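**Q** Spelled out, the chains give:
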Amino acid sequence: MSDTDIHSQREAPPGTAPAAARELRTEEMLVNMGPQHPSTHGVLRLMLRTDGELILEAIPHIGYLHRCAEKIGENVTPVQFVPMTDRLDYLTGMNNNHGFSLAVEKLCGLEVPERGHYIRVIMCELNRIASHLVSFGCYGMDIGAFTPFLYGFREREYILDLFEATCGARLTYNYLTIGGASLDLPEGFVERLAWFLDYFEPKIDEYNNLLSFNYIFIKRTANVGVISAADALAYGLTGPCLRGSGVKWDLRRCVPYEIYDRFEFDIPVGVPGGNAGIPPEVVVGDSWSRYYVRMLEMKQSVRILRQCLKQLAGGEFRAKVPRTLKLPAGEVYLEVEGVRGQLGFLVVGENKPIPRRVKIRGPSFCNLCIVPHVCRQVLLADVPAIVGSIDVVMGEVDR
Amino acid sequence: MSGEVLAFYLLAALAAGSALGCVIATNIVRMAMCLLGTLGAVALLYFLLSANFLAVIQLVVYAGGTLILIVFGIMVTSRTYGEKLKPRTSEALIGTIVVLALFAGLVAILLRAPWTPVAPTEPSNSVAQIGQELLGTYLVPFELASVLLLAVMIGAAYLAQPAKKE
Amino acid sequence: MGSILRKVALPIFLIGVAAIMGIAWAPALLCGTVDSMRDDLGTWYKWDLRGERPTLTVGNIRQYLEGSIEGQFAPAAHVRFGHSTAVAFAYVLWPLQFRITRDVLAVVGVVGFVSLFAMFAIWWERKVAARMQSRLGPMRVGGWHGWAQSLADGLKLLQKEDIFIEGADRPLFRMAAYVAFVPALGLFIALPFSAAWIARDLDVGLIFIFAMFGVGVLGVLIAGWASNNKWSMFGAMREACQMISYEIPLGFALLVPIMTVGTLRLTTIGDLQSGGFQTWLAFRNPFLLAAALLFFIAALASCKRAPFDLPEAESELVAGFHTEYSGFRWALFFFAEYAEMFAAGALAAILFFGAWHSPLPAAWGESWRHGPLWQQALHGVVFSGPLWLIGKGIFFVYVQMWLRWTLPRIRLDQVMYACVQVMLPLAMLVLLANTFWEWLVPSRSVLGMAANAVCTAVGAVAVLAIIGISIYGFVNRRRLVGTLVVKHLPGA
Numbered sequence: 000m001s002d003t004d005i006h007s008q009r010e011a012p013p014g015t016a017p018a019a020a021r022e023l024r025t026e027e028m029l030v031n032m033g034p035q036h037p038s039t040h041g042v043l044r045l046m047l048r049t050d051g052e053l054i055l056e057a058i059p060h061i062g063y064l065h066r067c068a069e070k071i072g073e074n075v076t077p078v079q080f081v082p083m084t085d086r087l088d089y090l091t092g093m094n095n096n097h098g099f100s101l102a103v104e105k106l107c108g109l110e111v112p113e114r115g116h117y118i119r120v121i122m123c124e125l126n127r128i129a130s131h132l133v134s135f136g137c138y139g140m141d142i143g144a145f146t147p148f149l150y151g152f153r154e155r156e157y158i159l160d161l162f163e164a165t166c167g168a169r170l171t172y173n174y175l176t177i178g179g180a181s182l183d184l185p186e187g188f189v190e191r192l193a194w195f196l197d198y199f200e201p202k203i204d205e206y207n208n209l210l211s212f213n214y215i216f217i218k219r220t221a222n223v224g225v226i227s228a229a230d231a232l233a234y235g236l237t238g239p240c241l242r243g244s245g246v247k248w249d250l251r252r253c254v255p256y257e258i259y260d261r262f263e264f265d266i267p268v269g270v271p272g273g274n275a276g277i278p279p280e281v282v283v284g285d286s287w288s289r290y291y292v293r294m295l296e297m298k299q300s301v302r303i304l305r306q307c308l309k310q311l312a313g314g315e316f317r318a319k320v321p322r323t324l325k326l327p328a329g330e331v332y333l334e335v336e337g338v339r340g341q342l343g344f345l346v347v348g349e350n351k352p353i354p355r356r357v358k359i360r361g362p363s364f365c366n367l368c369i370v371p372h373v374c375r376q377v378l379l380a381d382v383p384a385i386v387g388s389i390d391v392v393m394g395e396v397d398r
Numbered sequence: 000m001s002g003e004v005l006a007f008y009l010l011a012a013l014a015a016g017s018a019l020g021c022v023i024a025t026n027i028v029r030m031a032m033c034l035l036g037t038l039g040a041v042a043l044l045y046f047l048l049s050a051n052f053l054a055v056i057q058l059v060v061y062a063g064g065t066l067i068l069i070v071f072g073i074m075v076t077s078r079t080y081g082e083k084l085k086p087r088t089s090e091a092l093i094g095t096i097v098v099l100a101l102f103a104g105l106v107a108i109l110l111r112a113p114w115t116p117v118a119p120t121e122p123s124n125s126v127a128q129i130g131q132e133l134l135g136t137y138l139v140p141f142e143l144a145s146v147l148l149l150a151v152m153i154g155a156a157y158l159a160q161p162a163k164k165e
Numbered sequence: 000m001g002s003i004l005r006k007v008a009l010p011i012f013l014i015g016v017a018a019i020m021g022i023a024w025a026p027a028l029l030c031g032t033v034d035s036m037r038d039d040l041g042t043w044y045k046w047d048l049r050g051e052r053p054t055l056t057v058g059n060i061r062q063y064l065e066g067s068i069e070g071q072f073a074p075a076a077h078v079r080f081g082h083s084t085a086v087a088f089a090y091v092l093w094p095l096q097f098r099i100t101r102d103v104l105a106v107v108g109v110v111g112f113v114s115l116f117a118m119f120a121i122w123w124e125r126k127v128a129a130r131m132q133s134r135l136g137p138m139r140v141g142g143w144h145g146w147a148q149s150l151a152d153g154l155k156l157l158q159k160e161d162i163f164i165e166g167a168d169r170p171l172f173r174m175a176a177y178v179a180f181v182p183a184l185g186l187f188i189a190l191p192f193s194a195a196w197i198a199r200d201l202d203v204g205l206i207f208i209f210a211m212f213g214v215g216v217l218g219v220l221i222a223g224w225a226s227n228n229k230w231s232m233f234g235a236m237r238e239a240c241q242m243i244s245y246e247i248p249l250g251f252a253l254l255v256p257i258m259t260v261g262t263l264r265l266t267t268i269g270d271l272q273s274g275g276f277q278t279w280l281a282f283r284n285p286f287l288l289a290a291a292l293l294f295f296i297a298a299l300a301s302c303k304r305a306p307f308d309l310p311e312a313e314s315e316l317v318a319g320f321h322t323e324y325s326g327f328r329w330a331l332f333f334f335a336e337y338a339e340m341f342a343a344g345a346l347a348a349i350l351f352f353g354a355w356h357s358p359l360p361a362a363w364g365e366s367w368r369h370g371p372l373w374q375q376a377l378h379g380v381v382f383s384g385p386l387w388l389i390g391k392g393i394f395f396v397y398v399q400m401w402l403r404w405t406l407p408r409i410r411l412d413q414v415m416y417a418c419v420q421v422m423l424p425l426a427m428l429v430l431l432a433n434t435f436w437e438w439l440v441p442s443r444s445v446l447g448m449a450a451n452a453v454c455t456a457v458g459a460v461a462v463l464a465i466i467g468i469s470i471y472g473f474v475n476r477r478r479l480v481g482t483l484v485v486k487h488l489p490g491a
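Protein chains in written order, with numbering that gives the first Met the number 0: chain C, 0 to 398; chain B, 0 to 165; chain S, 0 to 491.
Excised from the complex, chain C in its bound form:
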């Protein structure tokens, strides 16, 4: 913000300022939260119109991380575009690879071999856990607790080690690709994964003891930033944000893709307080519910991974894909249940190796849209609590 802006005051546009604020005639202040701010998770810039500590309005400004991902998709072959998808939501590279590969496979009518399916589910669920761990840790930081962050990263490290052993990369994997996976699972992967699952599952309870059921944490997040189910649907929220509002909607179960119909797992949703171990302060759709849905999802992911390990088939891990894959004329839009919500890829082919159009529906982008609606008449300290619980990754918002 430029120097002249610092003490500037803006008159509230008629109708937007709440009645109480107008009566008191207190000063309103415009504050920029971001793009460099510790709790905006990257380069989100929130413009806050505040009355003291009270937030009257929060307007997200995006675009600081725009890298023309979609335009690049129209200039390279799908196989070349897969590494680019890693960089969308950089915490969930595997899921992005997977979504794009599925869309291209559907357009080209490719069949993925059995083992390839399982590898994909294993990687996606592992990456879901890894991403939720970051989300959990960062959310603790947003609320002011430091230690959960390190705990989350400690367990995530094991997952990254597994990824590194598999494909050599720890963040941008380029592993799941058109037709299956680019490499087979390494030697000893199954045993290590089994060890990790046994190690990791009790850790979730430890996190809950440390953070989720901490009295201060509950006081800070319960009944803060409540999104009703109707609002969540109206704004197109997906993923944990939607499920936190009590809507039982998960593409893995509701519109099964890949081989998710072979596994048993529950869809955790936000539950009103007082039920089975949920603190009484909690309201469906508040920040705590969204956060807690992620904690429960990690448990479900562990469940899926265990079943995967049991069922894991041998054989080929990748379908035979021609060197120059020609995309047939036609249009495919496909959504998968990414970590942050429904991740959609639109691929339009025109009988050429290079697609005519690639369009990405980023769940973070859609989820971010509700911030102005929720961050109204809340305190300044609630803004990180709300934005953190929505859990956006700017790489995907700006693409």
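Treat the hints loosely; a few may be bogus.
[Unchecked claim] Derived Cβ-Cβ restraints for the label pairs, each shown as a range:
#1 C:Y63 x S:D412: 27 to 33 Å
#2 S:V474 x B:A159: 40 to 46 Å
#3 B:L9 x S:T267: 27 to 33 Å
[To be verified] Far from chain B, by Cβ distances over 10 Å, these chain S residues were calculated:
#4 W196
#5 A210
#6 Q374
#7 V380
#8 P385
#9 L386
#10 V445
#11 N451
#12 V457
[Stated by the list, open to error] Okay, the calculated bits of chain S under chain C, using three or more residues with CB under 8 Å as the criterion:
#13 131-140
#14 303-313
#15 411-418
Worth flagging that the hints you see were computed from the coordinates, not collected in a lab.
What you are looking at is a predicted structure, and each value in this text was computed from that prediction instead of being measured.
Every residue gets a Cβ at the ideal spot worked out from N, C-alpha and C, and that includes glycine.
For this one, chain C is given, so just place chains B and S on it according to the hints.
**A** Showing chains B and S alone in chain C's frame:
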């Protein structure tokens, strides 16, 4: 010149100087900081006079309480915190006259007062004495002061409440 | 060279600590010697100058040291000095009888202690945090567990650029750091490290420290205002709100022990608790124990430590009031914070937890004091006032750190709610209950002794639990991150 006299003049100069600064400064927060200098110097003068309790209470109530409230009040309510405060000529004139009159009166009293030097003594349980005096001899003025403060508090609460909707 | 240094780093560190303690100890010892000589001289010449001690000349001291004056406190016959040594010592001892010399020494001592303690506490906080988070913390600088890390940080901060942002109110911006730091330093003037180790034994020492806590806030307020940054401004406002509110329960909590002991002089309060663990004020009756708890919480809020660290809440306000500060000015805020943390801990110890007395009754050590040298040395450690007070202070600082690395931050309205709706009524209630207790229940009655016993037991269990859990945590700390790849990868 003994150390105490030297300290007295230094502190008196500090108190008077920062009081002057408080009047001259055009920025309201700087005025508050000058006030801190004055209050602190006066507190140190009390220490010099072996009135430890008074000195400490001066620090607690004025420097640590009132001054913070003033600065806080400025920050919360003031619309002028970038601006400079310049008195109008008429205001400055009236102010000068009042101040000069006050000064003349003070000087007149000072010149007439009999100054009997007292040997410095160690403070002896001054807190207990003050307590006895406040709740014994001066109970009525003390209670009156608290009634006044209560009235002020109620008044402030009344003024601060938002206007009711008809 | 470097490797040799690293090998001997731990001995150097320990010798350094011992040397610092010795340097701190020597002036107090020498001052004590001079005082006893002056007492002797007073009785020798039957002087009584308004109860003041006579001034010694260099000649007097030399005579003492040579053994030509004999008195109650004169050195025993076998430590008589030769003439030239006596003259040299006399010149060292002579200035120590004057108040100005002692004040200078006290100022040097206070400044030295605060800066050393702040550096130690910053290093220690990083180690505590690291151990709680499966990390190592600083490990490099200086060798043994990175003990010189704070030193290196301090040097780095000293040579950093002193940045003023455009539009900042420069004089105020400069001044703010000092306004925050000076009161934090100043309160050590009245903070006794033992009955004798105190710069100025004020009769209103307690309120003086309380006042200094209050004045320090102005520095933060001004820093936030002068920075020309809205986040700093928010931080300053929060600090002001929080401090003004929490000073009230803090004051009420302080009033409870004051009411029991009937004095504001900290040395007197301390000396009333010399009879061992069960005579500590917090264990006298349940209300004093409650007051100790309230005091600790309110002091936590005053020191702006988690969960009350709203003025610098980094996830909300970037860095709060010190966002725009850099270099040494920034460091001053931290020095002030750690000094205040220690002062809060030490004050809790003095008011509630036996001050500078060891948990054992002082009478137990009497025979050691006059025994052989090793018993005297043991007495010096076990019953040493400054050691115990600093130890207790560090214990409370440790508890503050523990809370900081465990708890999330409270929201502003909750901080205010906790103060006005919970702490304040509770503090008032405790004060009132304590009044009636002190009035109606004599400490020698059955009820008084039973309450004392129960509170002592509760306190002992709590202290032992905190220490035990800490040791358990440190010993069974979680394994370090990222070892799987090394162990399991083929060829590793």
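**Q** Name the hints, by number, that the structure is in violation of.
**A** 2 and 5
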